[in-house]
Every structure is written in C-alpha cells, then in structure tokens.
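Read top to bottom, the protein sequences are chains A, B and C. Take the first sequence: its position 334, counted from the start at 1, is 334 in the numbering used here, and no numbers get skipped. Count along the second sequence from 1, add 1000, and you get the number used in the numbering used here. Count along the third sequence from 1, add 2000, and you get the number used in the numbering used here.
Keep in mind that the hints are not guaranteed to be accurate.
[Stated by the list, open to error] Distance condition first, Cα-Cα at most 20 Å in a straight line; then the derived DMTMM-like pairs of lysine to aspartate or glutamate:
| hint | chain 1 | residue 1 | chain 2 | residue 2 |
| --- | --- | --- | --- | --- |
| 1 | B | Lys1094 | C | Asp2096 |
| 2 | B | Lys1025 | C | Glu2057 |
| 3 | B | Lys1026 | C | Asp2096 |
| 4 | B | Lys1026 | C | Asp2094 |
| 5 | A | Lys562 | A | Glu572 |
| 6 | B | Lys1025 | C | Asp2096 |
Because the hints were derived from the structure by calculation, they are not lab data.
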Amino acid sequence: MAQSLFWIPLLPLLGFLINGIWYMFFQSPANGRKAGATVPGVIASLSIFGAFVFSLKAFLELKGLAPEQRVLEQLLFNWMKVGELSLDVTLRVDSLSTLFTLVITGVGTLIHLYSIGYMGHDETPGKFFAYLNLFCFAMLVLVLGGSLPLLFLGWEGVGLCSYLLIGYWYSDEEKAKAGKKAFIVNRVGDLGFILGTFLIYSTFGTLDFANLKEVVLSQGAMVPAAVLTGIGLLLFVGCMGKSAQIPLYIWLPDAMAGPTPVSALIHAATMVTSGIYLLSRLNFLYSLAPDALHVIAIIGGVTAFFAATIAFAQRDIKKVLAYSTVSQLGYMFLATGVGAYGAGVFHVITHAFFKALLFLGAGSVIHGMHHEQDIMKMGGLRKYMPQTFFVFLIGWLAIAGIPPFSGFFSKDEILWLAFSSDHGSVVLWGLGALTAVMTAFYMTRLFVLTFLGKPRFEESHHDTHGHGHHDDHGHGHGHGGVHESPLIMTIPLMVLALLSAVGGFMGVPHMNWLAHWLEPVIPHHAVNPAVNPSLEWVLMGVSVLGAVIGIVFAFKVYRDLKSAEVLRKKFEGLHRALENKWYVDEMFEVLLVRPIQAFSRALWKNVDVAIIDRFVLGFGRVSQWTGQTVRVTQTGSTQTYLFMLLIGLVIALGYLIYGLV
Amino acid sequence: MDISPIFFYAFAGLAIAFALLTVLKKNPVASAFSLVMVFFSFAGIYAMLGAHLIAALQVLVYAGAIMVLFIFVIMLLNADAPSLDMVRTPMWLKASTGVLGIVLFGVLVVSFKNSSITGVHGNLPESQVEALGGNTQVVSELMFSEYILPFELTSILLLVGIVGAVAIAKRRPHKGKV
Amino acid sequence: MIQTVEPWVVLSFSAAIFSIGLVGVLIRRNILVLLMCIELMLNAVNLTFVTLSRQLESMAGQMSVFFIITVAAAEAAVGLGLVIALFRTLRTVDTDQIQMLRE
C-alpha cells in the first residue's frame, strides 16, 4: 500500500484535468456545447470515490500494524536541493492523517454526488467539478504531506480553490469581491505560516515531520522559550487565516456567496480544519511552548463566543451556519490550546459530519425555495420537504449537543478537558459552556423559523416579523412551487445524517477508541491532578441541561413571531449591533482598507506619474529633442556637408600631426 | 631638386593670383579664363620639374579640351551672366570658410616642412632619365609595360564616360525635337 | 641668390592651390564654377605627385598623374552632362535651388 499512496491525491487531480480540459475546449468557447451536470459530476465523483477506496485501504492496513509502526510513507521524488536543504516530496499516512483523508474523501464523495443535483441548472458544470476536484487534490496533499513545505503547497492550493469556488459566479460583483476577500485575508495568514516555517528551519534545521519530531524531542528543551513561542504564534497566525479565528475570520461569512456544496465542503468539513491539522501535527512542538498554547486557547474561546453572538441575529440561512462554523472552529482551537489535540480532532470529524449535513440541508431548502435564503421568509417547510426536515433535525440535535448524537460527545470532551487539563481553567470552561448554550439557542431559532410554524413565503416584499397569513398552495415563486429535492441530493443527506447520529461513538469517554488510535501521534494530555475526575459527569450533566434550556427558550421565543418581535424590541440596540456583525467589517474598512487605498493613490500620483512616468517618457522626449536639434545640419546642400568635412579634416590632421585634441 | 627659383616663383605667383581670381570672380566666364591661365602656369612648373609629357598633356587636355567644354556649357546654359551667388552668402560663412582654408594650409605647410618625406625610393635620378632617352621615352616605355593594365582600364573608363555623358545629356525623343 | 627651391616650398604651393580650390567649392553657388574649383584641387594634387616623383627619383608619381588627368577629363564630361540634364528640369544652376537631398 505504501507504494500506491500516490493514488489518493492523484485521482482527484486526474478528475480535475479531465473535466478541466473538456470544459476548456468544448464548453468555454463562445459557441460551446451546453451540457448537463451529470457527466462531469459522475467523473468527479468517481475520482474522489476512488480516492476514498484507497484511503480506506490505507486505514485498514494501518490498523493491522502495531501502534508504534503505524506509518506508511512513500517517497515520490526529490523536489529541490538548495545548499544544505534537501526537500523531498513524501506522502505520509499515519494515525492522524488517515482520519483526515477518510473524512475528506468520504464526505467529499457525498458532496460531489449532491452537487450533481444542486448544480443541475448551472451553465458551466464542467468548470465547477474541475475546481472541486482540484480542491480535493490540494487538501489531500495538505494532509498527506510529509514535510512542512509540501503541507504549505496544499495549504496554498486550497486557498486558491477557495477563491475560485467562492467567486464561481463571478459576473456578480459582490460574489467576486467575496472571493478576493477570502484570498487576501488568507494571504495575511500565510505570511505568518511562512515566517514560522523559516523560524523552524533556522532553529531545528529540518522541515520533514519525522525528523522534526526527533530533533524537537531531543533538543527542544535547549531552545529559548521565546523562539518556541514565536514559532507557535506565527504558525497560529496562519491558522487564524485559514480556520477563521479572530481577527482573520471576516472572509468566511462572505464566502457564503459561493454555491452551497462549496460552503459545505470547503468551509465546513475540510479547508477550515487545516489549522487544527497543522497544530495537531506539530503537537510535540507546542508542548514546549505553553504560552503560545495559552494564547491559542483564549483566542479560540473568544472566537467561539463572539461568533455565536452574531449568529443570533442573522437572517440568511447560510450566514447563520457560517458564524456557527466560526464558533465551532473556536471550540476546536480551544481544545488544542489546552493540550487536548485529540479532542480537537474528534470535533473536527463530528463537525464535518453535522456541519456538512446542515449546509447541504440548507442547500436543499434554498434549491426548493428557488434561491430564497432569508429565513424570515420561510417557515412551515416541514410539510413541503419532509426528508430535508428529517435530516436537518438530526443535524440540529447534533450541533446542539444532545446525546447520543455525535456533537454531544465531541463538544463535551472539549469542555471537560478545558476544565480539567493542565493548561485549562474554569474561565475557559465557562466561556465554552456559555457558548454551547448559545449554540443551542440560535440553531433552534434557525430550525424553528425555517421548518416549523406557518409558511411565510408568499409575502415576498413584506417586512418580516409579520402576520401569519398564508397562501395554502405555497406557490410563492415561479414554477412548481416549493418542492423536495431529488434523490441524488437527499441520499447523501441521509448518509450524513446517519454519520452525525452515530459518529460520536468513536470517542465515548472511558471507551475512547479515537484517543487510543491517535496515541502514536498525539500523546495523552496532562490532566490537572487537583481536579476530581467525577466532576466529569457533573459537567456533562450541566452541558446537557444548558443545551436543553437553550432549545426550550428558543422554542418559546420563535414559535410565534410576535414574541420574537417583543424580544427584539427589548434589546433593540444590541440586536442591531449583532445583525451588523458588531460592525467589524466596517471597522476594517475604515482602519485598514481606506488608509491603504489612500496611500496607494498618493503613491500613484506622486511617484508613479510624477517621477517614474516623467523619467521614462523623458527618454523619448530627449531623443525627440536631440533629433530635432541635429536635423538642422541636414540642409541638403552638398557644400554644407563639405564644410563640415573640412572641419573634421582639419581636426583630424591636427590630431595626427600635432597630437592635439 | 634643381629648380630655378626665379621661374618657379614667377609661375607660382601667377598660378596663385589666377586661382584667387577663379574663386572670387562673379562672372563664370571670367572664372573659366582665369582657370586656363592657372593651367598654363602649372604646365610651366611641370616642365621645370622634368615632367615634360605631363606638361604637354596639361595644356592639351586640361586647357584645350576640358576648359573648352566648360565654356561650351556656360554658353549653352546662358549662365554667363554675373551670378548673384556671392551676394547672399552671409559674411560669417565666407569668413569662417576662409579661416578654415588658411588653417588647413598652415597645417599642411608645417607638416611638409617638418617631416621627412618617406616613400618608395626609386632608382631613376634625372641623369638616368636623360640617358634613357628623355622623359617622354621613359614614360611611354613604362606605360606599355608595367602600367599596361591601368592603361587599358582607363580607355574603357573613357568609353563609359562618353556613353554616359551622351546618355545623360541627350534630349529625350518624346520631349520634342532631338 | 638661392640656388634651388626646396621641395617643401613646392609642396606648400600645391597646398595653397588646394586650399583655394576648397574654399571655392564651399562658397560658390554656381555649379559650373564649383566644378572648376574641383579641377583646381585636382591640379594641386597632380603637382604634389610630380614633385614627389622627382624627389624620390621614381616614375610612379608621373604615371599616376597621367591617369588622374584622364579620369578628371572623363569626370568633367560626365559632370557637365549631369548639369545639363539638371538644368532641363530646374532651369537653374544655383546650388541653393538644388536641395532635394534635404530631409
């Protein structure tokens, strides 16, 4: 198997090439053929499914090995040799990366299948599937990379694909801008990543994960703490960008401009989790930099809380889910920051399941509502889209943290470890618990407003919170009315629902298969001995209770829009701030964007035009002036030419004879 | 070099005087006649230097043929009126050209005076030339032995010149009478 | 009384004629006079050849003069033919009117 590891990333790459070339040559020219989404979609889905099969094979093979030996490596070729640095392209499958590849390829396959239905009416499906496959390729390179530069290659690749897919409908200016924003904010993070990599190389002399671990474990204690903390923080800046933590999260809500399968795949299940992967990969390094971990935990916790507050007041179904994603990512970083890398990975996996489910479900709703996304205009969809309702219900319960669904187990482990770990604290736990209650609340709000109650969607231009009269046929828009989604979309939803429901059992406390599996890569965390272990059950009860309270409260408020209106009026100012995302984007605009633009404009006018242009054009003007001046000598009169000849002759003779001049 | 100074200076003075007249006179015909006088003076100097054939040729060809041609053309073109050409030339141009000419002259004189002339030294002093039968004899003998090739080529050149001159100057048939 | 004329005197006389001819070429506007001044210059060169031929006791100089005279004759003929042809079109022998080489 080690020799066929390369198939895992290669298959999606081939899918990309096939779809891309077909698209370029047959569809994109002006009079290209129109085609449906089926053929490119099937090709893409087969590629990623093939990668899944190989991933599964790798997993099973690893399982058969003894825990210390669970590493499969394949050296592909030598990338470059520069001075003392020799970089090889090595694919590495071990306990950690195999989990990620399974999630990426598995959930990826489901999303590809779903997209065949969702993008059925799109004009250029070939391009879409090509990009999706390219993304999978980049993401797989990221997790399978055996060294930091290779990981970075994948890191950049997913950033690129994120840009391409967010701005997929680029003819809409807003969507194109969202794509640009994502890429630029990512780049800021990447700067931190690169600097961190440089620092690692200059401190430890190697960038290969296997060697790095050995070097760090043997010599890490001798490195000054400031350097280690610096490395940790710089790499975390990269995570801030990629995984949407404060302050670089601003691109993720805007990224909802892309098609919903993209939001599901990239911004829920895979790309945004690359930060967690990086930190888990380098856990041996971070163990030596507790200050960095502390910062990470704090930022994670604050992000989780902050994003949850914003989700309270959003009206677009996808935006609610986007802020929810930011919040859940905050949880994962909180876990990592207290040393519970395993819990972070656990939450990554369960979050992939239920968040992809929620997004795809939202996509199903959007598809059925003919691209309406405002939840205030929905309601009562339970009758019209029963299957979507059912799967969304499961996703909702999972994210709210209700046992025995998967979200409960992973979130609870994080909360317990935030409380009890050596690096944890009560404050962090409190932040996490409060956020959990808030999560339950706003997700219930979303669920109720979308699926329950009376339909509100024939009142298209009526200003929200209104009266409930409805039109019974539900013919709010266009042809066909509101309808359930086709099978190709609902079957992946069902599969994801199943996974969301039972996926948690891989990490049940005290029977934790996942933590055990990850041991070779992620050693057990240190537990604060002052904490009483039986408190674990107490805290578990507290979190379940909190979730239930949140749900019940939300039901009460949003059952009837009137009471929602009352609540809103009570907190009018706060509500407006939340709805406007705490004006963060506006602050960035004023503090950062406008000064930079003004600076650019000043440079343009005063340096580029005034100095450089003048200088360059000056050459031309000098040539012209010289020409015109010298032209005076071209009189056309032979005698004048002879005269000049004579002058030259005299000078030449004088020089030759007397050595003059 | 055995040249009698009196005759030399006489001829030289004449030549210079008439050369100046050639250049400065407004009437082209006057210029032409002055030039003829210059040629005669030159012929005298050639003779003094022992180049008898050249002297004769000078008078025959230059003064006799070329200048006649010049006069013909002047008359043909009615260009014998005193030309206005020197009137409009600005003074600074005349002055600077003159100065330049004087400078050139000065440079050449100084170089002639101070340098020893080196060239391919032959083996035909005056006495031997006389012994061989005189200047013309020697030249002719050389012409038809050593210099036969240039001689023939020159005759072709003359042919080409004749044909060319006729071709250029001839009236074209379509312009009317030949 | 000086017995003989030094070679350099003859040569400088030749230089004088040359310079006079040169100045004439540069100043005069009548083509015909221009051509005559050129003949002056050629003659000055001929004299130089002959002088040096005598001084170096070789016949080569005089042979050259022979050919120079021939070529000068041919050149004068052709040149005058050109003047005639030019005159037909331009109706003038003033060089200031013949500026077709001007840029």
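For each hint, the structure was consulted:
Annotation: proposed proximity of Lys1094(B) to Asp2096(C) holds, straight-line Cα distance about 15 Å (limit 20 Å). Taken as a hint, the Lys1025(B) and Glu2057(C) pair is broken in the structure, with Cα atoms around 39 Å apart against an allowance of 20 Å. For the hint linking Lys1026(B) to Asp2096(C), the alpha-carbon distance of about 16 Å falls within 20 Å, and the restraint holds. Straight-line distance between C-alpha atoms of Lys1026(B) and Asp2094(C) comes to about 13 Å, which keeps the hinted pair within the 20 Å bound.
Straight-line distance between C-alpha atoms of Lys562(A) and Glu572(A) comes to about 15 Å, which keeps the hinted pair within the 20 Å bound. Distance check on the hinted pair: Lys1025(B) and Asp2096(C) sit about 19 Å apart at the alpha-carbon level, within 20 Å; holds.
When the structure is compared with the earlier hints, a violation turns up for hint 2 alone.
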